[in-house]
Amino acid sequence: MKILVCVKQVPDIERISVRNNPSGMPALEISGEFRLNYFDEFAVEEAVRIKERMARGRIDVITVGPDRAADVLKRPIGMGADAGIHLRTPTDADPGPAAVASWIAECARPREYRLILCGSMSEDGMNGQVGPMLAARLNLPYATQVIAITPASDPSMLSIQREIEGGIREMLEIRMPALLTLQPGINRPRYPSLSRLLRANRQGLETVSTEALEPAGASIDCLGLVAPEKRRASQVLTGSTREKAERLAAILEEKAFL
Amino acid sequence: MTESVDIMVIGICTDGRVHPETYDLIAFGRRLQAFRPGTLGVCILGQDVGAAAREVAHQGSVQVTAIECPGLSHYVSEPYGAVLAEEIAAAKPVFVCTAHTSQGWEWTPAVAARIGAGCICGVDGLTESQGRICFQKDVYGGKIKGLFASNTATTIISVQPGVFKFTPAPGASSGCVIRKNATCRSERTRYLGTSRAKADVSDITAAPILVAVGSGIGNQENIKLAHRLAGCLPKAAVAGTRIICDRGWLGYSRQVGVSGATVAPALYIACGISGASQHVMGMRGAGCVIAINSDPHAPIFNEADICIVEDITRFIPLIQDACVRRINNKDPRSGVPGSPREE
Numbered sequence: 010m011k012i013l014v015c016v017k018q019v020p021d022i023e024r025i026s027v028r029n030n031p032s033g034m035p036a037l038e039i040s041g042e043f044r045l046n047y048f049d050e051f052a053v054e055e056a057v058r059i060k061e062r063m064a065r066g067r068i069d070v071i072t073v074g075p076d077r078a079a080d081v082l083k084r085p086i087g088m089g090a091d092a093g094i095h096l097r098t099p100t101d102a103d104p105g106p107a108a109v110a111s112w113i114a115e116c117a118r119p120r121e122y123r124l125i126l127c128g129s130m131s132e133d134g135m136n137g138q139v140g141p142m143l144a145a146r147l148n149l150p151y152a153t154q155v156i157a158i159t160p161a162s163d164p165s166m167l168s169i170q171r172e173i174e175g176g177i178r179e180m181l182e183i184r185m186p187a188l189l190t191l192q193p194g195i196n197r198p199r200y201p202s203l204s205r206l207l208r209a210n211r212q213g214l215e216t217v218s219t220e221a222l223e224p225a226g227a228s229i230d231c232l233g234l235v236a237p238e239k240r241r242a243s244q245v246l247t248g249s250t251r252e253k254a255e256r257l258a259a260i261l262e263e264k265a266f267l
Numbered sequence: 058m059t060e061s062v063d064i065m066v067i068g069i070c071t072d073g074r075v076h077p078e079t080y081d082l083i084a085f086g087r088r089l090q091a092f093r094p095g096t097l098g099v100c101i102l103g104q105d106v107g108a109a110a111r112e113v114a115h116q117g118s119v120q121v122t123a124i125e126c127p128g129l130s131h132y133v134s135e136p137y138g139a140v141l142a143e144e145i146a147a148a149k150p151v152f153v154c155t156a157h158t159s160q161g162w163e164w165t166p167a168v169a170a171r172i173g174a175g176c177i178c179g180v181d182g183l184t185e186s187q188g189r190i191c192f193q194k195d196v197y198g199g200k201i202k203g204l205f206a207s208n209t210a211t212t213i214i215s216v217q218p219g220v221f222k223f224t225p226a227p228g229a230s231s232g233c234v235i236r237k238n239a240t241c242r243s244e245r246t247r248y249l250g251t252s253r254a255k256a257d258v259s260d261i262t263a264a265p266i267l268v269a270v271g272s273g274i275g276n277q278e279n280i281k282l283a284h285r286l287a288g289c290l291p292k293a294a295v296a297g298t299r300i301i302c303d304r305g306w307l308g309y310s311r312q313v314g315v316s317g318a319t320v321a322p323a324l325y326i327a328c329g330i331s332g333a334s335q336h337v338m339g340m341r342g343a344g345c346v347i348a349i350n351s352d353p354h355a356p357i358f359n360e361a362d363i364c365i366v367e368d369i370t371r372f373i374p375l376i377q378d379a380c381v382r383r384i385n386n387k388d389p390r391s392g393v394p395g396s397p398r399e400e
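So the protein lines, in turn, are chains A and B. According to the numbering used here, the first sequence is numbered sequentially starting from 10. According to the numbering used here, the second sequence is numbered sequentially starting from 58.
None of these hints come from the bench; they were simulated from the model. Just so you know, not all the hints are guaranteed correct.
Unchecked claim - For lysine-lysine, the following BS3-like pairs were computed, each having C-alpha atoms within a straight-line distance of at most 25 angstroms:
no., chain 1, residue 1, chain 2, residue 2
1, B, K222, A, K239
2, A, K264, B, K292
3, A, K264, A, K239
4, A, K11, A, K60
5, B, K387, A, K264
6, B, K281, B, K292
7, B, K149, B, K237
8, B, K222, B, K292
Same shape as in the complex, but just chain A (with noise of 0.2 angstroms):
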């Protein structure tokens, strides 16, 4: 099977900061330090584990970025893909879903990929558009949120469990080719073994210019950053760490919750 793993690279979101600016529009510091999506893991777990029990073939991975977004693909091999694609942008802008999809689908259409998997949504943007706005451009079935594949009966399906509110998971059996988004929890993925890591260091990946493709239609501006509202008092309590302890002991009795 020839599958296609889309992955992103994104700041590590632990490590940023919200600055308040004079001019009161907040604004983001980041570290410097970006990794591989959180979500995106779980895809490229899928697509090794796809490839062993059917013990043969092919895993490309790809993503789209500046000259800094060739180093997510490093992990995915470590993991055990094949080869990695690095679709390159001019600048640092994240240029959008709908870019981001028109240009993995450019890519993606000729090497006709029987299975491509995401992430259910990257850390950063958090839009969760890509994949389903990749499958509309390649005119494949597709299922977000999916949390269980197994084979079918039919050996050219797909049964998928995807996740709807509330605990609820629907069944569902999907003729391939076919885009799946995954959410975390569908599986544990491994670590990346150090030899595999090492071929990926020594192996030379495949870049496109992004100027090369065709330009998408579409297109979102974000025109600023805003501090989210406060919903609640947001009490904050000030002192050591003990003094803190203390006065919160304090509150939950004067509250009854003792």
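We have chain A already, so just place chain B on it with the hints.
Using the frame of chain A, we list chain B on its own:
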């Protein structure tokens, strides 16, 4: 009455039952009209949607287009999206609004790509900036919100459920229903029904106090800290975020959030939880929220009554000691609370 609308709300109904999000979307559409005057209509599609369409027309005082699709008794991305893409392309609304649920979030990007519309998912606010209508949504794990505007003639938006509240306009006239028929086939995707994720062995929705843990707990061993804290508090149970359940540190029956349980305890202690919108949607109804997190920018603090910036692995033992002392002072005969309570 004209069939064309500037703001098209996609109503949601299952087995003939109208989902409440449909009315929230009408409320959102009315807010949108304040920024972009124009007509608002609702579109509902599926099998046997006539009664649902009449109900929405009456309750919402709106024009409803009921698209009868024999065979589409359940939502399936491909046929549902194909019918909607055709309807939207023909009607050419400026905005199409649907709920940011597993269903809405699935079809909106695909339909947008098919018809060349802009797409903004997970919207929870509306404003005007630089002369343009801007839609607000979470980015970077909810630490901050972005303001987004579209450049396209049609923009499709999925709106967070429960943010915009519908109130019927007094003396509003009843709406009307326009009927249409569509054929749809689901040749490549087969719907086989639903199942519950896991057997429900705990009922965190019934507990008056929840000690909920997120990735800030660090490792599986530290889950004991949460059990110890819960042991100090009467009838408290331990719950967790999705990532904790995905790692197998707690069972999925203890997951709070969109894909888990929706809870409304009297007290919710969020330990090491960042506060992503998917989690917050499940605990927003709590009476009192205490958030403990080492990251002062964690979005959970916007949802908390009391905020404590601390590493929970250091803080929980101290709060447990302080609670035990207070309990013993109240009633020295009581046992030693706070022993691990593996439920």
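Going through the hints against the structure:
1. B:K222 <-> A:K239: The hint holds at about 18 angstroms.
2. A:K264 <-> B:K292: 15 angstroms, holds
3. A:K264 <-> A:K239: 22 angstroms, holds
4. A:K11 <-> A:K60: 9 angstroms, holds
5. B:K387 <-> A:K264: 15 angstroms, holds
6. B:K281 <-> B:K292: 17 angstroms, holds
7. B:K149 <-> B:K237: 17 angstroms, holds
8. B:K222 <-> B:K292: Between K222 (chain B) and K292 (chain B) the Cα gap is close to 33 angstroms, so the pair fails against 25 angstroms, i.e. violated.
Figure legend: structure checked against the earlier numbered hints; the only hint not met is number 8.
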